[in-house]
Amino acid sequence: MPDPGVHSPLIDFFRRGEVARDVRELAARGALAPGPHEQLALLIILTGDPDPAIGATANAALDTIPTESLAAFLARPDVPPQMREFFAARGTQPAAVAATDLDVPLVPVDDSDQPAVAEGSAEPKLLSALSVTDRMKLAMKGTREQRTALIRDPNRLVSTAVLSSPKLTDSEIEAFARMANVGEEVLRIISTNRRWIKNYSVIAALVRNPKTPPALSLRFVPRLVDKDIKGLSTDRNVPEILRITARKILTKSRT
Numbered sequence: 001m002p003d004p005g006v007h008s009p010l011i012d013f014f015r016r017g018e019v020a021r022d023v024r025e026l027a028a029r030g031a032l033a034p035g036p037h038e039q040l041a042l043l044i045i046l047t048g049d050p051d052p053a054i055g056a057t058a059n060a061a062l063d064t065i066p067t068e069s070l071a072a073f074l075a076r077p078d079v080p081p082q083m084r085e086f087f088a089a090r091g092t093q094p095a096a097v098a099a100t101d102l103d104v105p106l107v108p109v110d111d112s113d114q115p116a117v118a119e120g121s122a123e124p125k126l127l128s129a130l131s132v133t134d135r136m137k138l139a140m141k142g143t144r145e146q147r148t149a150l151i152r153d154p155n156r157l158v159s160t161a162v163l164s165s166p167k168l169t170d171s172e173i174e175a176f177a178r179m180a181n182v183g184e185e186v187l188r189i190i191s192t193n194r195r196w197i198k199n200y201s202v203i204a205a206l207v208r209n210p211k212t213p214p215a216l217s218l219r220f221v222p223r224l225v226d227k228d229i230k231g232l233s234t235d236r237n238v239p240e241i242l243r244i245t246a247r248k249i250l251t252k253s254r255t
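So the sequence shown is residues 1 to 255, counted in the numbering used here.
Quick caveat, the hints were computed from the structure, so don't treat them as lab data. All residues carry an ideal CB built from backbone N, CA and C; glycine is no exception. Among the hints, erroneous ones may be present.
What follows is a list of derived Cβ distance ranges for each label pair [what the hints assert, rightly or not]: (1) 192 x 234: 25 to 31 angstroms; (2) 82 x 211: 30 to 36 angstroms; (3) 235 x 20: 37 to 43 angstroms; (4) 82 x 237: 41 to 47 angstroms; (5) 104 x 250: 48 to 54 angstroms; (6) 131 x 88: 35 to 41 angstroms; (7) 16 x 78: 36 to 42 angstroms; (8) 170 x 250: 49 to 55 angstroms; (9) 81 x 145: 34 to 40 angstroms.
The list that follows gives simulated cross-link-like pairs (lysine-lysine, DSSO-like), each with its CA atoms no further than 27 angstroms apart [what the hints assert, rightly or not]: (10) 227 x 167; (11) 211 x 248; (12) 211 x 198; (13) 227 x 198.
All chains, full assembly: derive it from the sequences and hints.
Given below as structure tokens:
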């Protein structure tokens, strides 16, 4: 599949080919991603889909973008070179003046088929009754309460879509990192995101979360302050290897 040069938890699922056909079909129409970078990245990937019908749908969606709008978008400094190269091969070069409408998808999205759930509702039973594609739409475009419910969704595509939402806040990431009822995939993604782990509260929460794989949380232990290391050394809710590591750090600091 073509490399669009854009990465996010959701886009990486598509690149690995771990997405069901109905979800790929939705993304090939441009209806899944909330912003222009993600939308174009998914369309670029899906032009190389092994299903010819999905590839054709993605190409058709790209063809609907006005050349002037696409050229102005490609002139933006945050567009990766791989994306510019892809469209250069299709005959579109960056414009002299970059676009200023930062968050508008280039392929118009029809919101008439939005999930039939009460606005703001985060009732788990209501959300679980929706299809995977509808839950993914809410994960990226819904409310904070809906994201909090959907981050615990057993379907990895849905919980990953929450982490790709442009509405996501740092305080939500902190809350997710503390949750012991989210999937390991969620904690792995948070643990490997450079921006999120700059936040001390996030790494402290990941270390204390018993669901975080020790291979990931161990590397954060040396970054904890003395008070948190001391607490970790006796915390029976975390894997033993973390308690042992914390004790070693405490012993070393006293010598």
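The hints, checked one at a time:
1. 192 x 234: 25 to 31 angstroms: For residue 192 and residue 234 the Cβ distance comes to about 28 angstroms; the hint holds.
2. 82 x 211: 30 to 36 angstroms: 34 angstroms, holds
3. 235 x 20: 37 to 43 angstroms: Between residue 235 and residue 20, where Cβ atoms are some 39 angstroms apart, the hint holds.
4. 82 x 237: 41 to 47 angstroms: 43 angstroms, holds
5. 104 x 250: 48 to 54 angstroms: 52 angstroms, holds
6. 131 x 88: 35 to 41 angstroms: Given about 37 angstroms between the Cβ atoms, the range holds.
7. 16 x 78: 36 to 42 angstroms: This hint is violated: roughly 24 angstroms between Cβ atoms.
8. 170 x 250: 49 to 55 angstroms: 29 angstroms, violated
9. 81 x 145: 34 to 40 angstroms: Holds, since residue 81 and residue 145 (Cβ atoms, about 39 angstroms apart) stay within the stated range.
10. 227 x 167: Violated, because 33 angstroms separates the two Cα atoms, which is more than 27 angstroms.
11. 211 x 248: Measuring from Cα to Cα gives roughly 22 angstroms; hence the hint holds.
12. 211 x 198: 20 angstroms, holds
13. 227 x 198: The given pair, whose Cα atoms are some 19 angstroms apart, holds under the 27 angstroms limit.
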